[in-house]
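Visitor: Single-letter residue listing:
Protein chains: 2
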Amino acid sequence: MEIKLAENYGFCFGVKRAIEIAEESKNAYTYGPLIHNREEINRLQENFNVTTAHEIDELENTDRVIIRTHGIVKDELKKLNESGKEIINATCPFVTKPQEIVEQMSKEGYKVVIFGDEKHPEVKGVKSYAVNDPVVVMGIEDLEGHHLGVKVAVVSQTTRKVKEFMKIVNHLIENVKEVRVFNTICNATFENQEAADKLSKEADVMIVIGGKNSSNTKQLFSIVERNCKDSYHIEVPEELQPEWFEGKKLCGVTAGASTPDWIIQNVIEKIRKFSV
Amino acid sequence: MEIKLAENYGFCFGVKRAIEIAEESKNAYTYGPLIHNREEINRLQENFNVTTAHEIDELENTDRVIIRTHGIVKDELKKLNESGKEIINATCPFVTKPQEIVEQMSKEGYKVVIFGDEKHPEVKGVKSYAVNDPVVVMGIEDLEGHHLGVKVAVVSQTTRKVKEFMKIVNHLIENVKEVRVFNTICNATFENQEAADKLSKEADVMIVIGGKNSSNTKQLFSIVERNCKDSYHIEVPEELQPEWFEGKKLCGVTAGASTPDWIIQNVIEKIRKFSV
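Top line first, the protein sequences correspond to chains A and B. If you read the first sequence in the working numbering, its first letter stands for residue 1, the second for the next number, and so on. If you read the second sequence in the working numbering, its first letter stands for residue 1, the second for the next number, and so on.
Since the hints were derived computationally from the structure, they do not count as laboratory data. Some clues are possibly wrong.
One copy or two, it doesn't matter: identical chains are merged, so the pair holds either way.
Straight-line C-alpha distance at most 30 angstroms; calculated BS3-like pairs for lysine-lysine [claimed, not checked]:
| id | residue 1 | residue 2 |
| --- | --- | --- |
| 1 | Lys198 | Lys177 |
| 2 | Lys270 | Lys74 |
| 3 | Lys198 | Lys85 |
| 4 | Lys161 | Lys177 |
| 5 | Lys177 | Lys124 |
| 6 | Lys124 | Lys26 |
| 7 | Lys229 | Lys270 |
| 8 | Lys198 | Lys16 |
Starting from the given sequences, assemble the full structure and let the hints guide the process.
Guide: Right under this line is the structure:
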């Protein structure tokens, strides 16, 4: 069986940057998981003593706080900045962008629509920058019952699928006089998605590696499973099952933006062992 | 044979308004045809002595100039305003809107994209309000080779089909960071199009009445001919052919936004005569 990696996969610019920042910030705390990959977070804890705090109160024990790639809520950032602690901001610049847009547009009187998962930390952060009441939607059905007015600004969670973003935008354009569309889906997400789509059309088994709570990994999985019915989303090599590869000719491998290369390599090695 | 009118058809707000203005401006000249309907223009000439000038030089003979519903080029309007003549502006307010948007957006540094027919007077007028170099497109292929930058504002000719506008908008969103979408397609166009679409699905012959150079009438025709293969675009009752209605059960009738009711009534009467 041949094993083929997608042309684009894994670590994006923002994640690489955040990990470098963390490696240079020994003994610091991150507020929330730095990235959505447990294995990599464990590595940072073990090798650099970078600890994950899950609640803001847990940060009382440290004077160095790293802000996670997904960003945090505006008021909490303000509170931390005022606390006298050293704040090391590892928010991905592609996430800072929609935060700024939402703040600016809401100040200019635009109704803000955010395409994304209300429960995802990135979206919680972006939403918190609006000075009026933004609407968070996963599909056009979520727009129902909202009074949108004549001026709407729309942004997307960075890791969403562009086609689904379009559906929402198109619906808005049909109903609102001015729609200001900021395509804040990040290029790495785009590129990983396109490469996954392409590879999954030729592969007869697809392995998608990444955190189970990683939005962009889940998007990758939803793309590949449409093309290749034998698709699996795993976090660690231990989850691989030998029977997945029986009789297969081409195994495609891709990984989410927060999946480190060392995990991808371990996965590929384990698959290779099955196929000899 | 039953004859059925579309639920919405004919005169839009802007055309009604322009005709009222012309009727109250006896002996005036219009610069270009007031609306795209020759019969109605002849009526205004005969009953109100409102004359159509096709070149700006022809206006030398009058001191009262009516600006046509489609609007005119900015510099010419300026020249006319400075000429000392009385200028009666019958530009449809839905056309003034994209003119203002294009001026404002181009001043703010947005690349302006206009969806429409470069040769249509409305588009020529709208385009002339840009302070930088706007791009006029009929489809995404026309965007090729243009450097769009990171900020694009897009408007539509008022009489275009919303689905085609979306195609252009979607292409822009995939390629440009900020796309400011102004849905300037007018509601009357929308409503006439929707009603024509609906009626042409049940009719076995469709008559679309309106000027052969009327953009919105041509759009109506392109919608109905998809649903009903026996569709005809006529300007006057004389064009009707008895064989079009032989063996038909339901004749649908619709008309463009510049088609007066008296023409529609004449057409219906003539069709009725064929079917007895």
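Visitor: Does each hint hold? Answer for all of them.
Guide: Against the structure, the hints:
In the homo-oligomer, the alpha carbons of Lys198 and Lys177 lie at most 30 angstroms apart only across protomers (24 angstroms), although the nearest pairing inside one protomer, at 37 angstroms, exceeds that limit. Taking CA atoms no more than 30 angstroms apart as the test, Lys270 paired with Lys74 passes in neither setting, with 43 angstroms inside one copy and 70 angstroms between copies. In the homo-oligomer, the alpha carbons of Lys198 and Lys85 never lie at most 30 angstroms apart, since the shortest distance is 46 angstroms inside one protomer and 65 angstroms across protomers. When the C-alpha separation of Lys161 and Lys177 is checked against a cutoff of 30 angstroms, the pair qualifies both within a copy, at 25 angstroms, and between copies, at 15 angstroms.
Taking the shortest alpha-carbon separations for Lys177 and Lys124, both the intra-copy value of 27 angstroms and the inter-copy value of 22 angstroms come in at or below 30 angstroms. In this assembly of identical chains, the alpha carbons of Lys124 and Lys26 lie at most 30 angstroms apart only when taken from the same copy (28 angstroms versus 63 angstroms across copies). In this assembly of identical chains, the alpha carbons of Lys229 and Lys270 lie at most 30 angstroms apart only when taken from the same copy (21 angstroms versus 61 angstroms across copies). Taking CA atoms no more than 30 angstroms apart as the test, Lys198 paired with Lys16 passes inside one copy only; the shortest distance there is 25 angstroms, against 54 angstroms between copies.
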